[in-house]
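Listed below, chain by chain, are the residues.
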Amino acid sequence: MRDLVQLTVNGTSLRVARGSTVAAAVVIAGRCGFRRSVTGDLRAPLCGMGICYECRVTINGVAQCRSCQIVCDDGMEVVTSE
Amino acid sequence: MSRHRKLEVLVVGGGPAGIAAAVRAAEAGLQVGIVDDNPSVGGQIWRGEASKQSSSLSGEWFQRFSSNKIELFSGTRIFEIDSEHALAAENASGTYEFHYEKLVLATGARERFLPFPGWTLPNVVGVGALQALAKSGVPIKGRKVVIAGTGPLLLAVGAHLKEYGAEICLIAEQAPIGKLIRFGTALFRTPSKISEGIAFRRRLAGVPIVTNSWPVSVQGSCKLESVTMRSGNKKWQVRCDYLACGFHLVPNTELATLLGCKIEDGVVVVDSLQQTNRDSIYCAGEPTGVGGVELSLVEGEIAGFAIAGKIEAAQRLFPLRTKYRNFAERMERAFALNPKLRDAALPETFICRCEDVSLERLREHSSWRSAKLHTRCGMGPCQGRVCGPALQFLLGWAPESVRPPLSPVRVESLAASVED
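Residue numbers (my numbering), protein chains in the order written: chain A, 40 to 121; chain B, 161 to 580.
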């Protein structure tokens, strides 16, 4: 499976095409929201290019990572906060 | 401790302008490095193409890029000025201090978003954003997409997403048809742009395109289900999975501002050789005025040649630059935003998405500074990059001064930049 990478999103394992961003993996995992806003609104990527910070998730324990700017890697653990 | 890198030429931004500047400087034997926030080189327009070499223009430039010795720092962001001729940067593995003799700012542009009820709902995205997400692996095949906003980007992205298998339900252009016809006629001065436009239209065969139209609200509980559009007094609903909105591009001028470069009307001021008012600092591409990929490339080349001391080579490109700049100016007039778009935002609509600040709370203030202090508008992680351009259009508020760090950074990075 050279062209796929395996990672987990909220504990569920999935495979995505190599080169996909973490944002793509979160969508493929079926999550519609990525995080909650300060008043509790569900949010997901807006700008797709690292500006808006709406796609923030926790990656391998590091919080506040912009999922649209980070490419998936084997064994990555992604946690959304919605 | 930061890692120190000494470069003769440091280019910030790896899009077409940055690549062109880096290539022309490296070809002259200079030691060049590119710092880029994105996972791979190419900027937004050539996102994900570096390994595929798809469009002929990008393929040509990626070839030049890889055949020259140019050091690339991907996923790396400049966040602060360290000292004279040195910038602090951060990436996943730590912090850097980049020392340069010449600096090229090729920081690109972002989209302008105009708030309306429901624009914060998941799957309401930017136009360029949906293209970037599709290129990054977000499944788009079979998804229903409505594209709204202004400018040729709507057609370009529509054609592109259709090729990816998306079903484009509607393209809504806010400009009225009369202005577009005048623009179309003026295109005869730039024939290559006409054939490009015809090609997009052919690829979008069967897709309804409406003018003088924009979204007024969306429906859906946890994600977008449909959008209500308006055109004149007519309103109607369209079911869709994604609504992609883009109301022009906004130059990224934050780093230039921090460095003390002169900014006028939202763009970095440069001389004929793309040099800013600051010694050793050049600027190319969208930050000097939004004009698209051809203008970005030619400006990048001029900056690169100028830095390499090849003034004649730079001067030979001046007529081409003038041609593309004139085209950009005509486009700006044709696609000027309709003031009625301001009415799309209601009093309770959030303008600042980072801090959830509504329009009615902002209206209590006379300036962005006052609103910032009392509502935290623009103080969240995006630092006003989304709400700033919206507020400039909605309330006429001028952008606030830029302060370091330019983007949220790890505490360790801040500490490292202070230590050094």
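Do not take every clue at face value.
[As the list claims (entries may be wrong)] Label-pair distances were calculated between CB atoms; the ranges are:
1) B/P299 to A/S120: 21 to 27 angstroms
2) B/T482 to A/G100: 18 to 24 angstroms
3) B/I369 to A/G100: 43 to 49 angstroms
4) B/N437 to A/D42: 45 to 51 angstroms
5) B/R563 to A/T47: 36 to 42 angstroms
Honestly, the hints are just simulated from the structure, not real lab data.
C-beta atoms are modelled at their ideal positions from N, C-alpha and C, and glycine is treated no differently.
Against the structure, the hints come out as follows:
1. B/P299 to A/S120: 21 to 27 angstroms: holds (23 angstroms)
2. B/T482 to A/G100: 18 to 24 angstroms: Taking Cβ atoms as reference, B/T482 and A/G100 lie about 53 angstroms apart, which means the hint is violated.
3. B/I369 to A/G100: 43 to 49 angstroms: Once the Cβ atoms are compared, 47 angstroms apart, the range 43 to 49 angstroms for A/G100 and B/I369 holds.
4. B/N437 to A/D42: 45 to 51 angstroms: Holds, since B/N437 and A/D42 (Cβ atoms, about 49 angstroms apart) stay within the stated range.
5. B/R563 to A/T47: 36 to 42 angstroms: At 38 angstroms between Cβs, range holds.
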